[in-house]
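Chemist: Chain by chain, the residues run as shown.
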Amino acid sequence: MIELEHVSRRFGDQLAVDDVSFSVERGTITVIVGTSGSGKSTTLRMINRLIEPSAGTIRIDGKDTASVSGEVLRRGIGYVIQGNGLFPHWTVARNIATVPTLLGWDSSRIAKRVDELLTLFSMKPEEFAQKFPHQLSGGEQQRVGVARALAAEPGLLLMDEPFGALDPIIRAKAQEDLLAVQQRLGITVVLVTHDMEEAIHLGHRIAVMDGGRLLQYAPPAEILARPAHGFVEKLVNGVDRPFRLLSLAPVSSIVEPGTAEGPPIAATATLRDALSELLWHQRDALPVASADGTLVGRVSLAALRAHAGAAA
Amino acid sequence: MSRIIGPLARLATLALLLALILKPDWFVPVLKPFTENGAPVIYNQGSLLSLTLYHLGLVAIASLIGTALALVMGVFVTRKVGAEFLPLSRSLVNIGQTFPPVAVLALAVPVVGFGLKPTLIALVLYGLLPIFENTITGLKEVPANVVEAARGMGLNPTQQLFRVELPLALPVILAGIRLSVVINMGTATIGSTVAAKGLGEVIIAGLLTSNTSFILQGGIIVALLAVLIYDALSILERRVARRTGRLAEVAG
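As given, the protein sequences belong to chains V and F, one line each in that order. Read the first sequence against numbering that gives the first Met the number 0 and you will find it ends at 311, with the numbers running on by one and no gaps. Read the second sequence against numbering that gives the first Met the number 0 and you will find it ends at 251, with the numbers running on by one and no gaps.
These are calculated hints, taken from the structure and not from any lab test. Keep in mind that a hint or two might mislead.
Claimed, not checked - With the C-beta cut set under 7 Å, the calculated list includes, among others, these residues of chain V facing chain F:
id	residue
1	86
2	88
3	104
4	105
5	108
6	110
In this text, a Cβ means the ideal position worked out from N, Cα and C, and glycines have one as well.
Pulled out of the complex, with its shape left as it was, chain F reads as follows (with noise of 0.2 Å):
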């Protein structure tokens, strides 16, 4: 039955973000309630669709920066030269993590100005201690027989860490970088507030305004975006995991 139900489910939530994105104005009967003094029912300053395009765009480019960092930071901690640096690596990741991003927003701005750039330093800094502990995690579970025979094989360090490790690992790398990813789908709102585009432009619109039907817009398509990526990475972290034969039990 979950065969059935999943796809299916996956396809509905696919279609009402496309609806909220596309063809807002479907939505008035059901948002009118929401909204006072006849305020506009649909958000009316600016293309949904460019706004979501750009809030995609925002966490892909923080996503793709914070997963670099994370990953070459958490590869150098577990090699030998570089394990003396693993807890201090591992308290700055972690304060990045404990740090508002609306602080480093704050702190941000005087230095590089308003846009996008203090949203990138926000979402990369709270976005890395998910990807830096999973490489961590995933690297320490490569079978040490298994690495014991890569090296007696012949394999130089870094065919072992590219042609066994990363790929052993990488399930649960991607494990860690589907965690940021969709913490980061959420952080982004806060970027419109330093001017930045993106979705959190309709939820401030809202909020400034006290209309609850802008809020919804903006909240239920940054959420239906969260729940449907996070999907998509689910399955291609199974897939990824079933080759690796780490799932061979579970998936048959």
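Pulled out of the complex, with its shape left as it was, chain V reads as follows (with noise of 0.2 Å):
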């Protein structure tokens, strides 16, 4: 759990943060999105204390982050920046290990880390371990990226900008694979981004900040559904907001008795899938199948309509 309390942070006369609080709970993924300018960079940055907050205070678990050492509460924190910031001098093992090797782990204990983070990530440790950053393509360097900050098992993984600098194809597996890992690993993430679609997609929490102070925490249907005026409604009030809608919930959840003609639909799926399969298929129900295969019901468009609407 993160708490933030009134946290500022001034650089000259310029207000960067200004006075922003929320929590973190344990095992969530929490996205702050905002313009560039808008603070988020800064107060991310200020939880492993590479800014120091100029007013406020920060804990992690209960213990104010300022009574370590800026070093030490690195050290057990991980962090991820846009570009990944590989050290280009040190092959992949290397690279990962780094935060073990400043610990003082042994070196067996390291070399298994190193190989178990690898085949997390599926790059085959034989084959890539001993490889040099350059060598490697954006997506494999951005999940040694992780992979390092993952490294020393850490409870809290801050990423800034994380798959800004990938192709829309790399980016969404990226996403997939932080998915898939915060889930298996249980961690908490803070994310930093500017695209409002990445934060509904990977967010338990959102946090919208601008101009240094944060305008709404709430989960992303909230945020969709009832966005605090100004800011955030310009920010999603575009015409994507019922496919976003649409985007958060799985098939299960609006599954109805009965059966339909067409290809069957996974009841993991999402709504968007859903609609997107309707539409393609020209239909206004499809079977809906469970894990197994087995149909459960099926899906309509109507109760899809109902479902991708503001509540008003």
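With the hints in hand, could you dock these two chains into one complex?
Modeler: Dropping the structure here:
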């Protein structure tokens, strides 16, 4: 659990972060979203004290972050930045071993951990461990960056625009990887992005910032359905809003009894996927299949329509 | 082709150098036309080998001291605490470069006496600039996000410097050292005017007795040494650069 209490940061006479308070539940993904200059990166970097707050307190699991040295604090927190920041003169294995080495792990434990992490990110250790970063593709570099951040088994992972430099296809894959890894390890993630789409897709909660202030902090569904007046409204009121809403719930949430003609949809697919399938196959309803392939009911256009609008 | 020609040329240069130092008599037929009045063709006032070793030793010591000084200064002025000393250090180093080494010798001899010491002072001062400037450039060129990642991982400032910044700046720093060493190879010959042992003795003996053959021997040995050292340091530099991924696109 991370708690920010009345945190501010001043650069000269400019207030980059203005009295921000919010708390992040353990084991969830929180996305801070905003335009450049909104103070989102500064807020993130104050959590691991790369930037010291001018005022306010930040606690991680109840402990004031100011009570330990910045270096000791940062060794316990995973950190991923845009463009991965891998050390170009070190092999993949040594990059991943950065924090364990600083913490003085013995070499056999480090080697085991490096293998484990490479495997977790579906990179064969024997193929990748001894490569240098410049020998990897962009997507592979990004995965090594995340693996390096997770090496010392931190409970908290901070990510500053981690997917910003990736092309759309690799970015989607990286996002799925992150969701899978987060779920598997149960870690807390705080991620900064300027992309509302990404925020809605990844976040359990979204913090919208503008001009250094926290405008709204809520789950994605609430941000979409009841955006705060002004900036947040402008940010989410685009033509995509119904589709974004649909992308938040699985088909299983509106499945109804009955049967329908056509190719079945997985119960775990999002409502957005279901709508897309319905439109593509020109049908009013399609059957829904559970993970083992048995049909459990159907999903209809009418039910989707009821779900896609504001509850006004 | 260049992969074969490179090493061959290198070997030939080395062989020529060794022959000039160890078997100078072989070159009597070539050098004979450059002497007059039956003057000796081959330098005969001392062993060329020992002079060469003295010369190399002198340059090595001067370069080591110069490198240490320039590195420390370069690192210091790129830290937060030292940033305000950058203009001052830069002026000092520039003066070292623009002040003629001969003038440094003239000023140093009354203070420290003849021999090795004034020559070392002149060489160290003269060789600072390229190492200092390249250290600064190399450190500034380390990608910002790599330094940011190092901080974010919890490396302290010393660890950041020695594990990340200096290794990544090394190819550029080495280029500065290479330049400085080569400059000093030539400049060290003037040390002989204040009785520092070195290949300058051969050249000066030639100048004093109008013996062009001596001048050629000394000059060619110094030149060949400089070429070979330049070449060797370039190879080292490329190897280091490849390791840091900087030449990835060029060298494959």
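Chemist: Compare the structure with each hint and give your call.
Modeler: Tested hints:
The restraint placing residue 86/V at the interface with chain F holds, with a minimum CB-CB distance near 6 Å, inside the 7 Å limit. The interface hint given for residue 88/V is met, as the beta carbon of that residue sits about 4 Å from the closest beta carbon of chain F, less than 7 Å. Residue-level restraint check for residue 104/V is violated (minimum Cβ-Cβ distance to chain F is 14 Å; threshold 7 Å). The beta carbon of residue 105/V is not positioned within 7 Å of any beta carbon in chain F (closest approach about 19 Å), and the interface hint is therefore violated.
With a cut of 7 Å, the hint placing residue 108/V at the interface with chain F is violated, because the nearest CB-to-CB distance is about 18 Å. With its C-beta approaching chain F no nearer than about 19 Å, residue 110/V sits outside the 7 Å limit, and its interface hint is violated.
The structure shown violates the earlier hints numbered 3, 4, 5 and 6.
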